[in-house]
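For chain A, the structure is supplied; the task is to place chain B on it using the hints.
One letter stands for each residue in the lines below.
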Amino acid sequence: MTNETLIQIRNLNVTYGSQQAVQEVSVDIPAQQITAIIGPSGCGKTTLLRSISRLVELVDGVRVWGEVIFEGQNIYDPRVDVTEIRKRIGLLAQRPFPLPMSIYENVAYGPHIHGIRKRQELDAIVEKQLRAAGLWDEVQSRLHAPASALSIGQQQRLCLARGLAVEPEVLLCDEATSALDPISAQRIEDRLLELKRDYTIVLVTHILRQARRLADYVIFMYLGELIEHGPAEQVFNHPREARTRAYLQGELY
Amino acid sequence: MNKHFEERLFVGLMLASLAFIVGVLILILATVLIKGLPALNLAMLTQTPRGGYYLGKEGGILNAITGSLALAGGATLLSCLMALPVVLYLQVFAKNARLVELARLSLDVLWGVPSIVYGAFGFTLLLFLGLRASLLGGIIALALLELPILVRAMEEVMLMIPFDLKEASYALGATRLETSLRVVLRQAAPGLFTALLLAFGRAIGDAAAVLFTAGYTDRLPTSLLRPVASLPLAVFFQLGTPVPEVRERAYASALVLTVIILIISLGARLLSRRLTKYMIR
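Chains as they are written, first to last, in the working numbering: chain A, 1 to 253; chain B, 1 to 281.
Please keep in mind that the hints were generated in silico from the structure rather than gathered at the bench.
Keep in mind that a hint or two might mislead.
[As the list claims (entries may be wrong)] Listed next, the in silico BS3-like pairs over lysine-lysine satisfying Cα-Cα at most 30 Å (straight line):
#: 1; chain 1: A; residue 1: K128; chain 2: A; residue 2: K118
#: 2; chain 1: A; residue 1: K118; chain 2: B; residue 2: K277
#: 3; chain 1: A; residue 1: K128; chain 2: B; residue 2: K277
#: 4; chain 1: A; residue 1: K196; chain 2: A; residue 2: K128
#: 5; chain 1: B; residue 1: K57; chain 2: B; residue 2: K35
[Said to hold, decoys possible] Partial chain B-side listing against chain A, Cβ under 7 Å, derived:
#: 6; residue: E6
#: 7; residue: A168
#: 8; residue: G173
#: 9; residue: A174
#: 10; residue: E178
#: 11; residue: R186
#: 12; residue: P190
#: 13; residue: T194
#: 14; residue: K277
#: 15; residue: Y278
#: 16; residue: M279
#: 17; residue: I280
Glycine included, C-beta positions come from ideal geometry on N, C-alpha and C.
With the rest of the complex left out, here is chain A (with noise of 0.2 Å):
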C-alpha cells in the first residue's frame, strides 16, 4: 500500500445560491486506498464528492471556486474538458440508475462514446467488467434484456461496472449501499475491498460501521466544514476534535 497523494483539495469552497455547502475545504486525497468522508447529513460530504468529478457542476444555481487537483492539474481549469475529467473519475451513485438498454448495452455504453467501435473489443470489456463487479455469473445467459429488469441490487453492481468499463482511475461512491438490502450491500462493499488495489475510492456514508469496514482514510465533515481527516485508525480511536468525538459517539447529528 502506497501512501502517494492523489487527489489536492485546496481551498474549495461550493455554494448554491445563498447556501454554502461546502467551505474552505482542504485535504490530500491517498492513491490506491479507501478514503471515507463521514459526518451528519447535509454537512456537504456529497457535494464535497461530486465536486471531485465536476459532477456538482450539473445542478442550477452552483458556485464553485478553489481548486481540485488531480494528477498535477486542477481540474476547474477552463481549458480542462470535462469529459476527460469525469471519464478518469467514476461515480456509484445512491441509488443504481441503469441507462435505458439492455445490460450489455449498459457496460459499453462508456467504452462506445470514447471511441471503441469493435464488437470484439466491446465483448471483451463487458465480460471483464462485469466479472469484476461479480454479476457476470448471474447475467451472462441474458446479456440483451433489459437492465431494468435486474433485481436493485444487481442493478448496483451493473452500475459498477458500467462505471470500471471507461477504466478510471478513481471511483467516487455516494453512499452506493444505502439503498440495498443488506446481502447486496456486503457484495458491493467486498467489492470495493477487492478494487482498491487499482483504484482510488472515495465514499460517502452515513453508516460508520461501514466506514470502520472499509476505510482507510477518514474526512469528517460538519456544517460544511472539514473537522478532521487522517488515517482511519486514528480517526476512529484517536480523535483529536471533540466535535468528531461527539459524532462518533452519537451525540452528533
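Quick look at chain B alone, frame taken from chain A:
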C-alpha cells in the same frame, strides 16, 4: 354525519360530470355510426369521386382518405424534425432561464392560435413563395399548427426523466449531445411517440388550416405541388349539399376519419409497449 354527506355529494357530482363526458362521446360515436354506416360501402373506401358524385352518383372518398394521411403524416414528420431540436435545447442545453420561459410562453400563445389563422398565414406564405394551394402548402400549415403541441407535449415527457439518469451518463464522461441522443431520447421514446400521435390526431382532423393551403381535388395525391383532398373538407363539402344521399356520405366520411384516428391510437399503444422494453422506472 355532515362530513359523510359532503363526501357523498361531491363523489356524486364527480360521477355526474364523468357520466356527462362519456355520454357526449357515446352520442357522437352513435350519431356518426347510425347516420354514416348505411352509406358506407367498399366503393366509398376504394374509389375516387366520379362525375356527379356530389349529386349522389357513384364514387368514393379515397382521394380524401389518402390526402388526409399524406397531409397529416407529412406535417407530423416535418413538425417532429423542428420540435426535437427545440425540445432538446430547452431541456438539456439552454442555460438562460428567461429565454426558456420566453420560448415556452411563445409556444403556449401559438397553441392558442385558431387553426384558421394558421390557414390564412400559410396561404400568405404560399403566395409569397409563389406556390399555389398544394399538398406541400397543407403540410407546412399543419406542421406549424402541430409544432406548439408537439414541443409542449414532448417537454412534459422529458420533464419526467429523472436527473440521476442523465447524471449517470455524464458521470461516464458523456457530452450533453451524447446523453440527449442515446439516453434521454431512448428513455422518453414511448412518451414522445404518444406526443407525435396527439399532434397527428390534431392535424388529420383539422379543416380550417388546409382550406386555403391544400385546396381540394377529386384526384389522388401524386405531387407535393398539386392540391389534395382531405377528410374534414370532404365532410364539410358533402354536408353542405342539398342531396340526402350525399349528406349521408358526409357522416360516412366522418366515420372513416374517426376510425383512422382509432386505429392509429391502438397501433401506437401496441408499438409503445415495445418501446418501453428498456425504459427505467
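Problem - Violated hints - listed by number, lowest first - result: The structure conflicts with hints 6, 12 and 13, although it agrees with all the remaining ones.
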